[in-house]
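Put chain B on the given structure of chain A with help from the hints.
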Amino acid sequence: MKKCLLMLLLSLLPVFSYAGEAKDMAADPVLEKRMIGLAENLRCLVCQNESLASSHADLAEDLRREVREQMQKGLSDQEIIDYLVSRYGDFVLYDPPVKKATLVLWYGPFALLLAGAGMLIYQLRKRKSQVPEAELSDAEAQRAASLLDETPDSSDQSKDKQA
Amino acid sequence: MNKFLWPLIGFVVLVALLAIGLNLNPREVPSPLVGKAAPAFTLPQLHEPSRQFSPQDMKGKVWLFNVWASWCTACENEHPVFLELSRRNLVPIYGMDYKDKREDGEAWLRKHGNPYTLVVSDAEGRVGIDYGVYGVPETYVIDKQGVIQHKHIGAVTPKILDETILPLVKELQAK
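The listed protein sequences derive, respectively, from chains A and B. In this text, residue positions in the first sequence follow the numbering used here: the first is 1, and each later residue adds one. In this text, residue positions in the second sequence follow the numbering used here: the first is 1, and each later residue adds one.
This is chain A alone, in the form it adopts within the complex (with noise of 0.2 Å):
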């Protein structure tokens, strides 16, 4: 009975070794951290919204792995991020950088804004050229003077009174 369990157990040693290097992959939590840091600005092309660190579909699978070892072998992160873009195009990149197809989408709602603040002014303008100067009279004028004139803790205080 004990040799059998001694069997058993024996038989399982592989399976821990296994594990024990599987673990080795991510063994090191400095690397670790970098990989998942520089996977969360690239996309999974699986999956397109979801980010390379946070989806689990195969491919981002390996292409963690790909990164993981890459930063192993003493990669910068840009040499790594010029290495995916190589293959998969900027696609991969959630921060598009700045060039000829993408001066739109980096340079459109500045442009925009621009154009709507421009229209703004112009209307305002137009707007106030088209309100006519009120001429008043001088009976009219004197009038607005003294309602001007009154201030408003006398006439409150007035108000009180008649309370």
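Keep in mind that the hints were calculated from the coordinates and are not lab data. All C-beta atoms, glycine included, are put in the ideal place defined by N, C-alpha and C. A few of these clues could be false.
Pulled a few chain A residues facing chain B out of the computed Cβ check, cut under 10 Å [stated by the list, open to error]:
1. 81
2. 91
3. 136
Subject to a maximum C-alpha distance of 30 Å in a straight line, what follows is the list of computed DSS-like cross-link-like pairs (lysine-lysine) [what the hints assert, rightly or not]:
4. B:3 <-> A:126
5. B:101 <-> A:73
6. A:99 <-> B:36
7. B:144 <-> B:59
8. B:59 <-> B:159
9. B:101 <-> B:59
10. A:73 <-> B:170
11. B:170 <-> B:36
12. A:128 <-> B:59
13. B:170 <-> A:100
14. B:59 <-> B:36
15. B:175 <-> B:159
Pair ranges (Cβ atoms, derived) [to be verified]:
16. B:13 <-> A:86: 53 to 61 Å
17. A:139 <-> B:15: 55 to 63 Å
18. A:76 <-> B:27: 53 to 61 Å
19. B:104 <-> A:76: 33 to 41 Å
This is chain B only, laid out in the frame that chain A set:
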């Protein structure tokens, strides 16, 4: 009248832009590899793992490189197209069994027929990454100098074959 004209024009333009956007296929990511040399690799052949294949062996020939897998359902849809093409003998088709078990790949070819001159096995998907593969099937047209001239993502239909791929192949073969 004039008051409503510009908002109306703006609205129509917006609708047109959205309509174009909706009709684009977001799965079609333009490959930066078109116009570049096909990435080099050496992989074991599917049927004879002891023998290897490398794209350099194909210098001087125009060929199709089709990435497929036994687990890929869209591959089943496009498979008859390649079977028919292989009968017409116009261009050699080389296959790559992507992230697949050897037995599964072989069984799949036995079941559905084998249009490939040769199939390599990329069990780990590393060569797939080099070729920017992100969804099988994908098909590359590679010219005599070993440069990728076209990449088709997704299943090849008879229409795509006759209107895009074969005219390009003929043009490249004549060069």
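*Broken hints, numbered, in rising order?*
1, 3, 10, 12, 13, 16, 18
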